[in-house]
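**Q** Given only the sequences and the hints, what does the whole structure look like? Please build it.
There are 2 protein chains.
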Amino acid sequence: MKYEEIELGSVHETRAQLITTEDVIAFASDYDPQPMHTDPAFAEGGPFGGLIASGFHTMSIAWSLWMTHGVMEQDGQGGISLDDARWFAPTRPGDRIRARVTISERRLTTRGRGFIRMDFEVLDHDDSVLMSFSTTGLLARRADGLTPGDATPNPNTQQEH
Amino acid sequence: MKYEEIELGSVHETRAQLITTEDVIAFASDYDPQPMHTDPAFAEGGPFGGLIASGFHTMSIAWSLWMTHGVMEQDGQGGISLDDARWFAPTRPGDRIRARVTISERRLTTRGRGFIRMDFEVLDHDDSVLMSFSTTGLLARRADGLTPGDATPNPNTQQEH
Chain A
43 MKYEEIELGS VHETRAQLIT TEDVIAFASD YDPQPMHTDP AFAEGGPFGG
93 LIASGFHTMS IAWSLWMTHG VMEQDGQGGI SLDDARWFAP TRPGDRIRAR
143 VTISERRLTT RGRGFIRMDF EVLDHDDSVL MSFSTTGLLA RRADGLTPGD
193 ATPNPNTQQE H
Chain B
43 MKYEEIELGS VHETRAQLIT TEDVIAFASD YDPQPMHTDP AFAEGGPFGG
93 LIASGFHTMS IAWSLWMTHG VMEQDGQGGI SLDDARWFAP TRPGDRIRAR
143 VTISERRLTT RGRGFIRMDF EVLDHDDSVL MSFSTTGLLA RRADGLTPGD
193 ATPNPNTQQE H
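Taken in sequence, the protein lines are chains A and B. Following my numbering, the numbering of the first sequence begins with 43 at its first residue and continues without gaps. Following my numbering, the numbering of the second sequence begins with 43 at its first residue and continues without gaps.
Hints are not guaranteed to be accurate.
As the list claims (entries may be wrong) - Beta-carbon label-pair distances, calculated as ranges:
1) Gly-92(A) <-> Thr-151(B): 35 to 43 Å
2) Thr-151(A) <-> Arg-184(B): 31 to 39 Å
3) Pro-190(B) <-> Asp-168(A): 15 to 23 Å
4) Ala-185(B) <-> Leu-50(A): 49 to 57 Å
5) Gln-116(B) <-> Arg-184(A): 47 to 55 Å
6) Asp-81(A) <-> Pro-89(B): 18 to 26 Å
7) Ala-68(A) <-> Thr-178(B): 22 to 30 Å
8) Glu-147(A) <-> Val-53(B): 33 to 41 Å
9) Met-43(A) <-> Thr-110(B): 35 to 43 Å
10) His-111(A) <-> Pro-190(B): 48 to 56 Å
11) Arg-155(B) <-> Gly-92(A): 46 to 54 Å
12) Gln-116(B) <-> Gln-116(A): 40 to 48 Å
Said to hold, decoys possible - A few chain B residues that face chain A, going by a derived Cβ cut-off under 7 Å, partial list only:
13) Trp-105
14) Glu-115
15) Arg-128
16) Ala-131
17) Ser-174
18) Thr-178
As the list claims (entries may be wrong) - Chain B residues, not near chain A, derived (Cβ > 12 Å throughout):
19) Arg-57
20) Ser-102
21) Leu-150
22) Thr-152
23) Asp-166
24) Asp-168
25) Ala-185
26) Leu-188
Since the hints were derived computationally from the structure, they do not count as laboratory data. Where a beta carbon is used, it is the ideal one built from N, C-alpha and C, also for glycine.
**A** Below, the structure written as structure tokens:
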């Protein structure tokens, strides 16, 4: 979906994905090899009383669910920033998690590129929020620069801020 | 390394890791399936003129380099937050990247747990900073609550903020 087609304030809810013990251990073995993520026996006696997913894993799964949601995976033009990541509760094997993504900012950059901010909540099967974060990126624009429904070219096209 | 043994202001530089095309495609296929990360032919004609790693991949590699650096992988007790992630330049296949980690905050929480903030810079083989971020987590404490060199128990042990 091009920049002109994505709506400010729109809320998108992805499908849910089941997290398995094997997923948790595979990601953490490569990217977060702490025994609370990789060693079920150690994790039983650890602070969470069982194996939990790496926080980087939960965040990356949320992003992958958004990227396969059908909105922007063909038109992303790179990430700029990520802020305000907060882990409220761990993701555990057996959880089914999904992402709720709100488009909280949408504007042209000073160089006329499409900029969007996406606020994520990661929810489990009980609708508990496991984590949240916000990330901004660039999105390809329509060749004609027209927002659907506009009769004239979008005046924001020349906007400089 | 326990909370009492990690020094405020200390700077830790990890080993470097070579990023391969296979690594980039494997991570992105699971967690960031945008063609700029997964399809070399598409990426050639894309905004970066070649395949680039997912930003979540670069961040996760930096964390894994820190986790295998010998400082805290046995004593981490969970992540709290991540802020101020900024992607300045893409990670490309063939880059050798490493992390420079500064301990920028270190204190006991109101419940007497060890809290540290880690400021990351991710550098390539030319010492360019590809990205930066800050993350906070909890760290296990020494059973005796003594900072090495202290003659008496750390007065901060009872601190409540």
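**Q** The structure should be examined with respect to each hint, and the outcome stated for every one.
**A** Now the hints, each set against the structure:
1. Gly-92(A) <-> Thr-151(B): 35 to 43 Å: violated, 23 Å
2. Thr-151(A) <-> Arg-184(B): 31 to 39 Å: Violated: the Cβ-Cβ distance is about 49 Å, outside 31 to 39 Å.
3. Pro-190(B) <-> Asp-168(A): 15 to 23 Å: With a Cβ separation near 44 Å, Pro-190(B) and Asp-168(A) fall outside 15 to 23 Å, so the hint is violated.
4. Ala-185(B) <-> Leu-50(A): 49 to 57 Å: holds, 53 Å
5. Gln-116(B) <-> Arg-184(A): 47 to 55 Å: holds, 52 Å
6. Asp-81(A) <-> Pro-89(B): 18 to 26 Å: 41 Å Cβ-Cβ, so the 18 to 26 Å window is violated.
7. Ala-68(A) <-> Thr-178(B): 22 to 30 Å: Hint holds: Cβ distance 26 Å, inside 22 to 30 Å.
8. Glu-147(A) <-> Val-53(B): 33 to 41 Å: Holds - the Cβ-Cβ distance for Glu-147(A) and Val-53(B), about 34 Å, lies within 33 to 41 Å.
9. Met-43(A) <-> Thr-110(B): 35 to 43 Å: holds, 39 Å
10. His-111(A) <-> Pro-190(B): 48 to 56 Å: holds, 51 Å
11. Arg-155(B) <-> Gly-92(A): 46 to 54 Å: violated, 19 Å
12. Gln-116(B) <-> Gln-116(A): 40 to 48 Å: At roughly 43 Å between Cβ atoms, Gln-116(A) and Gln-116(B) fall inside 40 to 48 Å, so the hint holds.
13. Trp-105: At 6 Å from the nearest chain A Cβ, Trp-105(B) passes the 7 Å test, so the hint holds.
14. Glu-115: Result: holds, 6 Å to nearest chain A Cβ.
15. Arg-128: Interface hint status for Arg-128(B): holds (5 Å vs cutoff 7 Å).
16. Ala-131: violated, 10 Å
17. Ser-174: violated, 10 Å
18. Thr-178: violated, 10 Å
19. Arg-57: Per Cβ check, Arg-57(B) is outside 12 Å of chain A; nearest 14 Å; holds.
20. Ser-102: violated, 4 Å
21. Leu-150: holds, 16 Å
22. Thr-152: holds, 17 Å
23. Asp-166: The claim stands: Asp-166(B) keeps its Cβ more than 12 Å from every Cβ of chain A (closest is about 17 Å).
24. Asp-168: Holds, since 20 Å exceeds 12 Å.
25. Ala-185: holds, 15 Å
26. Leu-188: At about 22 Å from chain A, Leu-188(B) clears the 12 Å cut-off, so the statement holds.
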